[in-house]
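Enquirer: Here are the chains, one letter per residue:
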Amino acid sequence: MTETQIEHAVEFRNVTKAFGKLVVLNNVSCQLPKGRTTVIVGPSGTGKSVFLKLLVGLLKPDSGTILVDGQDITRMSQQELFELRKKFGMLFQDGALFDSLTVGDNIAFPLRQHTRKKNKEIMQIVAQKLEQVGLPGIEGKLPSELSGGMRKRVGLARALALNPEIILFDEPNSGLDPVMSDAIDKLIIKTKHLTNSTFIVISHDIPGTFQIADYIVMLYKSKVIASGKVKDIQDSEHPVLKRFFARDSEMPIDPDHGTGQLDLRPYYTGQLQGG
Amino acid sequence: MAVNAQMNAVIEYISSLGKLGFFSLRMFRTLFTTAPQPRLILDNLYRIGVETLPVLIAVCVFVGTNLALLGFHIFKSFGGQSFLGAYVGLSCVRELAPILTGAMLAAKPGTDTAATIATMRVKEQIDALEVMAVDPFRFLIVPRLIAFVIASPLLVLFGAFSSVAAGYMVAVYQLNMNPGVFLTDLRHYVLLSDIFNGMLKGMLFAVVGCILSTYFGYHSQPGPKGVSRAINLSVVTVASFIVIFNFFLTAAIYD
Ligand SMILES: Nc1ncnc2c1ncn2[C@@H]1O[C@H](COP(=O)(O)OP(=O)(O)O)[C@@H](O)[C@H]1O
Ligand SMILES: [Mg+2]
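Line order of the protein sequences matches chains A and B.
Just so we're aligned: the first sequence equals residues 1 to 275 in the numbering used here.
Just so we're aligned: the second sequence equals residues 1001 to 1255 in the numbering used here.
Because the hints were derived from the structure by calculation, they are not lab data.
Treat the hints with care, since some could be wrong.
[Unchecked claim] Subject to a maximum C-alpha distance of 27 Å in a straight line, what follows is the list of computed DSSO-like cross-link-like pairs (lysine-lysine):
| # | chain 1 | residue 1 | chain 2 | residue 2 |
| --- | --- | --- | --- | --- |
| 1 | A | 60 | A | 190 |
| 2 | B | 1225 | A | 21 |
| 3 | B | 1019 | A | 21 |
| 4 | B | 1076 | A | 60 |
Remember, it's a predicted structure, so these values are computed and weren't measured experimentally.
One chain only, chain A, in its complex shape (with noise of 0.2 Å):
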């Protein structure tokens, strides 16, 4: 029952990141367990992306540490974030596939990058992920010639194909009508029961987010506002948690961050890794 007895995956120990006078994360700490699925929720614009960007060392912090299986990633050189980020997988909001590569040679690039495997078997990794998003035998497509959930579940399947320790959504349900986005959240379960991954999952949709979540971080305002298991952040009687999970279109309007809408934009870093 107590929490100290939960490993955590990733910690984040007073993280702090602005841009310029934006201070986008202030003072974030938070501890995301091992082995199970957190939903980070926040309105948009409140730095859940840079959030994940942090997580991974696309982006550095002002201040604070973030661990990684203990590991501080934030003192790592270049080499060592390389090292670290085959543990991770991640799903980025289209999918990120590269547009000249099919569908199989997309799935098949960390494989072929990082793995001395045949090709066959290589092929045969592929199949089996594709089967498992629920798309078999699309190897030949290419990303162009398919819809927005395809695409997403085609970044999945290559974001499982290293097995990684620690799999990454970004906003999984963005840009999807509401039962491609519902399949979407149902794929996340079932493939959460078949690994034993730590899920860290980007979102604001409400209804999806306590579908999936065993945990819930609250982001709101460039702070943790609340986190813990999803039943206790259901019943909370905090104001601000209730009126976000009561979908108050008044509320999760951030006048210093975000727009409340729904964020479509690809995110950018203009930030110089290890220069």
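Got chain A sorted already, so can you dock chain B with the ligands onto it with the hints?
Expert: Below, chain B with the ligands alone, put in the same frame as chain A:
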């Protein structure tokens, strides 16, 4: 207020130069510290070298013909037609072939590079590479740099040859010059070192073009606007840079 804005503009400019410096540094560090990837280099060599060749030759041919026509009429006025070979040869080998190679590289594979990398940035594919523990510099940028370096001197050679050959054709078949005079003159004035310097110059233009087009692509702003801006910046900057840089190079090499 105004002073402040100017200060900001200056600071922004300097920091963007700094960014470009770090970018180039990381590019060359990756070049010298990682094993090259032959498949990627060959792919890029095809797109950068082979696909640029026809358009470069077409342009060089017509520059060569016009040089011959123009030179002939100027030299005729004081009876110096025999210098036509030297004039066409030196202009093409030293100046025009390298510049046109640089310009065609900027226009074709350069814009292609800026567009491809900017699109990958905007569609989060570069982030995806990083998260998949694949260094985008090693995967996207260095193979292009190597291909630009290998292809450019060869392109200069082809360009120089085709423009001089076209000039010769016009001189001999249209202006009825004695072919022996043209060729002797050419051999006498155009030295091996001229050819070598021209190739080197073309390579420098190609390297700068590669750095700038990958840089603008890599740092593209979001959305389709970001991509088109990256392409624009890359081709305009490279083209103007080449022309200006060429002056200083020529001054330094042949003063
Ligand atoms: N690389 C960057 N440079 C400058 N500002 C950024 C950068 N990345 C994100 N931001 C800003 O940080 C804020 C949070 O962005 P983001 O994390 O994408 O929000 P969301 O919670 O919707 O995912 C936004 O205001 C965004 O404009
Ligand atoms: Mg986002």
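Enquirer: Assess, step by step, whether the Cα of residue 1076/B is no farther than 27 Å from the Cα of residue 60/A, and give holds or violated.
Expert: violated (69 Å)
Enquirer: Regarding the pair residue 60/A and residue 190/A, is the alpha-carbon distance no greater than 27 Å?
Expert: violated (33 Å)
Enquirer: Under the criterion that the straight-line Cα-Cα distance not exceed 27 Å, is the pair residue 1225/B, residue 21/A satisfied?
Expert: Status holds; Cα separation ~25 Å.
Enquirer: Check the hint pairing residue 1019/B with residue 21/A against an upper bound of 27 Å on the C-alpha distance.
Expert: holds (20 Å)
Checked against the numbered hints listed earlier, the structure breaks hints 1 and 4; every other hint is satisfied.
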